[in-house]
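Note that the protein sequences, when read in sequence, are chains A and B. Read in order, the letters of the first sequence correspond to residues 1 to 372 in our numbering. Read in order, the letters of the second sequence correspond to residues 1 to 372 in our numbering.
Incorrect hints may appear among the rest.
No distinction is drawn between identical chains; accordingly, a pair holds when it is met within one copy or between any pair of copies.
When the alpha-carbon atoms are kept at most 27 Å apart in a straight line, the in silico DSSO-like pairs for lysine-lysine are as follows [stated by the list, open to error]:
1. Lys212 to Lys282
2. Lys244 to Lys110
3. Lys294 to Lys279
4. Lys72 to Lys294
Simulated from the structure, these hints should not be mistaken for laboratory data.
Residues per chain are reported as follows:
2 protein chains.
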Amino acid sequence: MSNNILLYAASENNSDIFYATGFWAPDPFVCIIADGSTTILLNQLEYGRGKREANVDDVVLLDQLIYQMKVKTAPNIFEIVLYYLKSRKISEVLVPQYFPVFFADYLRQKKICVKVSDGQILPQRIRKKPDEIKKITEAVRITEEAITEVIRILEDSKVVGDEIIYQREPLTSEFFREVMSLYFTKRNYFPSKPIVAGGEQACDPHQIGSGKLRPHRSIVLDVFPRSMSSFYWGDVSRTVVKGKPSKALLQLFEAVKDAQEYGCTLVKAHADGRDIHSKIIKFFEKRGFKTGKKNGIPVGFIHGTGHGLGLDIHEYPRIGSSGNALTENMVVTVEPGLYYPGIGGARIEDDVVVRKSRCENLVKLHKRFIID
Amino acid sequence: MSNNILLYAASENNSDIFYATGFWAPDPFVCIIADGSTTILLNQLEYGRGKREANVDDVVLLDQLIYQMKVKTAPNIFEIVLYYLKSRKISEVLVPQYFPVFFADYLRQKKICVKVSDGQILPQRIRKKPDEIKKITEAVRITEEAITEVIRILEDSKVVGDEIIYQREPLTSEFFREVMSLYFTKRNYFPSKPIVAGGEQACDPHQIGSGKLRPHRSIVLDVFPRSMSSFYWGDVSRTVVKGKPSKALLQLFEAVKDAQEYGCTLVKAHADGRDIHSKIIKFFEKRGFKTGKKNGIPVGFIHGTGHGLGLDIHEYPRIGSSGNALTENMVVTVEPGLYYPGIGGARIEDDVVVRKSRCENLVKLHKRFIID
Numbered sequence: 001m002s003n004n005i006l007l008y009a010a011s012e013n014n015s016d017i018f019y020a021t022g023f024w025a026p027d028p029f030v031c032i033i034a035d036g037s038t039t040i041l042l043n044q045l046e047y048g049r050g051k052r053e054a055n056v057d058d059v060v061l062l063d064q065l066i067y068q069m070k071v072k073t074a075p076n077i078f079e080i081v082l083y084y085l086k087s088r089k090i091s092e093v094l095v096p097q098y099f100p101v102f103f104a105d106y107l108r109q110k111k112i113c114v115k116v117s118d119g120q121i122l123p124q125r126i127r128k129k130p131d132e133i134k135k136i137t138e139a140v141r142i143t144e145e146a147i148t149e150v151i152r153i154l155e156d157s158k159v160v161g162d163e164i165i166y167q168r169e170p171l172t173s174e175f176f177r178e179v180m181s182l183y184f185t186k187r188n189y190f191p192s193k194p195i196v197a198g199g200e201q202a203c204d205p206h207q208i209g210s211g212k213l214r215p216h217r218s219i220v221l222d223v224f225p226r227s228m229s230s231f232y233w234g235d236v237s238r239t240v241v242k243g244k245p246s247k248a249l250l251q252l253f254e255a256v257k258d259a260q261e262y263g264c265t266l267v268k269a270h271a272d273g274r275d276i277h278s279k280i281i282k283f284f285e286k287r288g289f290k291t292g293k294k295n296g297i298p299v300g301f302i303h304g305t306g307h308g309l310g311l312d313i314h315e316y317p318r319i320g321s322s323g324n325a326l327t328e329n330m331v332v333t334v335e336p337g338l339y340y341p342g343i344g345g346a347r348i349e350d351d352v353v354v355r356k357s358r359c360e361n362l363v364k365l366h367k368r369f370i371i372d
Numbered sequence: 001m002s003n004n005i006l007l008y009a010a011s012e013n014n015s016d017i018f019y020a021t022g023f024w025a026p027d028p029f030v031c032i033i034a035d036g037s038t039t040i041l042l043n044q045l046e047y048g049r050g051k052r053e054a055n056v057d058d059v060v061l062l063d064q065l066i067y068q069m070k071v072k073t074a075p076n077i078f079e080i081v082l083y084y085l086k087s088r089k090i091s092e093v094l095v096p097q098y099f100p101v102f103f104a105d106y107l108r109q110k111k112i113c114v115k116v117s118d119g120q121i122l123p124q125r126i127r128k129k130p131d132e133i134k135k136i137t138e139a140v141r142i143t144e145e146a147i148t149e150v151i152r153i154l155e156d157s158k159v160v161g162d163e164i165i166y167q168r169e170p171l172t173s174e175f176f177r178e179v180m181s182l183y184f185t186k187r188n189y190f191p192s193k194p195i196v197a198g199g200e201q202a203c204d205p206h207q208i209g210s211g212k213l214r215p216h217r218s219i220v221l222d223v224f225p226r227s228m229s230s231f232y233w234g235d236v237s238r239t240v241v242k243g244k245p246s247k248a249l250l251q252l253f254e255a256v257k258d259a260q261e262y263g264c265t266l267v268k269a270h271a272d273g274r275d276i277h278s279k280i281i282k283f284f285e286k287r288g289f290k291t292g293k294k295n296g297i298p299v300g301f302i303h304g305t306g307h308g309l310g311l312d313i314h315e316y317p318r319i320g321s322s323g324n325a326l327t328e329n330m331v332v333t334v335e336p337g338l339y340y341p342g343i344g345g346a347r348i349e350d351d352v353v354v355r356k357s358r359c360e361n362l363v364k365l366h367k368r369f370i371i372d
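Given these sequences and hints, build the entire structure.
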């Protein structure tokens, strides 16, 4: 028996329903994949656009169903879906794990068997098709260009005391964030708040960074715009320094760079995400960089090695302490990092395609640390 | 008995958990509101930032719970939450309607009673506090300024044949979208794809618009940026024309403008959203603008009159065919529109605060139609 899949979400913030329908909508709508055919139910407001834009087999107007239901008071969306499922003699549906409990409870109460997917609801999303890889590559190209713009500004700037001066003003995280955000906006990408974290801020991987950037300290640039037309993401990180880094910081950066290149050699079909991650941890340990706690604060390699990339910025698979097996045509990030308050933080991240016996790196940008 | 609330979501795309915690995070985390106190469970990566930034009573480190659980294999988040609930002797939780069915099924199987909220999980979000109204007002101000910028460009442009020329180039939807997006990005607002829909495109309220804008035809500007610091939205629409509109279009616009002003007089505490909406429909009918279908395409006033505005762009209450009672300090949009292919579309939208016996309009921008 093939599973009948039921989705209910807004494609603006749910990539499964966008993937299944190719229809971008700001409000939740219903998608049913049954008997090999995909149907969406749309209200009057979206129906015309859905007919034109959605890549589905059938677009059903909710008002038409309401008319057929012959009810006195306006039914809600759950009642309409129940009616529709019954009219198609569908008594069992498979839903994603995030499916709303309220909707599931209602259908179950009405004797529809609601099974919850034990993994990805659309496993085909995991392996990228050539046109998807092309779209991700386009997003990666834009990401690289924005980082290149930041590096160019750093090249044109000067260390003066404990500031980095560009066009007579001290450089800040906010300035670089604006430079990149404007770059993305002009190219029809969502800017999504790139990380520009320097000095001690760079030691916290989720800190987006604020204030003046200091010379001689590492600056982590983690940049992840999303296309407003294809809706695929790029996700690239580089770490740079203006001035003269401490010896400890230089060693830290070199270890990250080497670990990242080593990580790329490990990514191939049939490799295991958890295994890759533990190899990177060991690699760091051999170089003298232990992961653990110092004064109650986590230090070392304190995040995962990578994650799937596509219509979501974080998607299946994971390369980390909980990891998945890699298969051909997955697109994943490879992004080891090291974080030690007092010394600094560094992270280098590429986006790669998993191939049979190697990975194909979509990122061409250099990994130069010291920007003169 | 007070309800113990359980939330599990990423505050980046869920406003309930952001409202409850004040903590902005890209990945889902757990929030428990029990016995009058709010607790969040965070992983190592977010713990430090959570301690500093979250406006909650307690931040619990997941690793600490895992350590206490004394299990051999790493538990998943559902198992950790179950352990935590049991440790606090919580056997019943109230969850929002969108709570993931997978999580609910797991807890129920483990004898936790999971009740689903029959309305808003955090009803206090509905009535805005003074500081929230201030934040919305700031977002509204930025929205008005961006629309003003578009109107300024239209003023400086010239009708040449069937094009509107500005600095030797024909004006397009894309150009105006870029102008506004850059404006928002520079001011630390998410640009979120403003609608710039002209001519026939303006007849479809969800059409964002593309290509050259034509003279003598209406152009709908529906603009809704979100602050990257407060995370509140503005949402303002204006309709403009460059050149000489047809008599039918002029009448249509005047009806929308009058209906919008009439709508504002109806918005006050204890008014009913459904009642307001049907009054607007009747108002339009009296002016000769019927809502219905023409050649299978919906025409007339084909969307709701308004919606709540806050941390979500569309939130409780609704002013429409399914509407809610209004209470003091709600912030709602008032946005009637008319859409007739062949003539054009128009929509005017203000954001207003519901007060005792009137509404307070947060939007100061003029509603001029013809831009000379």
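Evaluation of the provided hints:
no. : hint             : verdict
1   : Lys212 to Lys282 : neither (35 Å within a copy, 58 Å between copies)
2   : Lys244 to Lys110 : neither (69 Å within a copy, 57 Å between copies)
3   : Lys294 to Lys279 : within (22 Å within a copy, 66 Å between copies)
4   : Lys72 to Lys294  : between (67 Å within a copy, 25 Å between copies)
Checked against the numbered hints given earlier, this structure breaks hints 1, 2; the rest are met.
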